[in-house]
Every structure is written in structure tokens, then in C-alpha cells.
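Turn these sequences into a full structure, and let the hints steer you where they fit.
Position 143 (the sequence shown) corresponds to 464 in my numbering; numbering is contiguous.
Among these hints, one or two may not hold up.
Computed beta-carbon distance windows for the label pairs [as the list claims (entries may be wrong)]:
| id | residue 1 | residue 2 | range |
| --- | --- | --- | --- |
| 1 | 324 | 364 | 15 to 25 Å |
| 2 | 340 | 419 | 35 to 45 Å |
| 3 | 416 | 368 | 29 to 39 Å |
| 4 | 343 | 473 | 44 to 54 Å |
| 5 | 324 | 474 | 30 to 40 Å |
Just so you know, the hints here were simulated from the structure itself, not pulled from any lab data.
The beta carbon of each residue, even a glycine, is placed where N, CA and C say it ideally should be.
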Amino acid sequence: MPFRLPAFLRRPLLRACFSVMNSRRPDMVIGGTERPYMRRWWLLPRNRWFNVYLHHFLRDDDDRALHDHPWHSLSVLLSGQLIKTFAPIPALAACPAHQRARSHAAGAIVWRGCRFAHRLALPLGSDLEPRPAVTLFIIGPRVREWGFWCPSSSPAGGWRPWRKFVAPDDPGAVGPGCE
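In C-alpha cells:
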């Protein structure tokens, strides 16, 4: 059974996060400035040991490939809902037959190891637009490079470092992907 943050703790935390979101610009916008995928605020001065980010998801992760992270992480879903597509076996992450999906509601606490291949999506509202979600994202020190798990039939064929997947001039924008 997944861990959950009780509502009496989640609500004041969410209010504090909305205060941050309304008081300053995000420290990073991912997915291009025209149609951002995610806005990120650094809640602690960035350092190499331990960081806490506030994430405001506005649309789905890039659907061309699952990705992993360079650090172990813990997410606390403060508002909204996230649908996580993942591969229990990272080496099979690029094969849809080996992928699973799990829905997480507000309050969910999710641990991810650095090699956990996944993709996040937002459910659609009645207007067929994605419903935003807000998370706290807590990370440890960098332990590896991160990247995307491309289908073996693609030119990239397997795990691809993020710098070769995203746009070279704007790491927050869509790039060549698995091509």
C-alpha cells in the first residue's frame, strides 16, 4: 500500500507552496516557454547533497520514451492527480508490453530509485485539457547521468543520455528524442 500524507498536513503545505508560486517566478521552466510542461521552484539553495523542488505540472511528460533520474527521489503529490507509466525492469523500459500504469491522488508519497524508468501524465478534465498537479520533489546527491529509454528499433536504440534527447539550445524544449 502506498504511503500517504494526511490532508491536515497536506493542506497547509499546499497553501505555503501556492504562496511561493504566486510570489516569484519559477527558477526553471521545462518544456519550452510557449507551452511549458512543468514549472520548478527551488525551495532550498541548490546544492550537491540535498534539494527540495516545488513542481507545477501543466501537461504530460514527453511521450516518446520513459526517462530516469540522476538521483534517488521522493515525491509528495500535494494537489491534482498523476498517472505514472513505468517499467518494473529498466532494461525493458522501451517495450510497451513491459510497461505498467498507476494512478496517484493528492497525498501520495512516492519513492523512486535513480534507475526507475517512468513517465508522468495528467488526467484530462471535462474540457479535455490536462488537470495541473503540484508536487514537492526531494532529491539526494547525483549518483549517475540520466536519460531516456528509446525503443531498440529506433536510431537511438536503448538508453539515451538526456543531452542527446532534448533540444541542444533549450534543454527544456523537445529535441531529437529517439531519432
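Given the hint of 44 to 54 Å, is the C-beta distance from residue 343 to residue 473 inside that range or not? holds (45 Å)
Taking the Cβ atom of residue 324 and the Cβ atom of residue 364, is their distance within the range 15 to 25 Å? holds (21 Å)
If you check the beta carbons of residue 340 and residue 419, does the distance land in 35 to 45 Å? holds (42 Å)
If I claimed the Cβ atoms of residue 324 and residue 474 lie 30 to 40 Å apart, would that claim hold in this structure? Taking Cβ atoms as reference, residue 324 and residue 474 lie about 38 Å apart, which means the hint holds.
Range agreement (Cβ of residue 368 with Cβ of residue 416, hint 29 to 39 Å): holds (37 Å)
Hint check: no violations occur; every hint is consistent with the structure.
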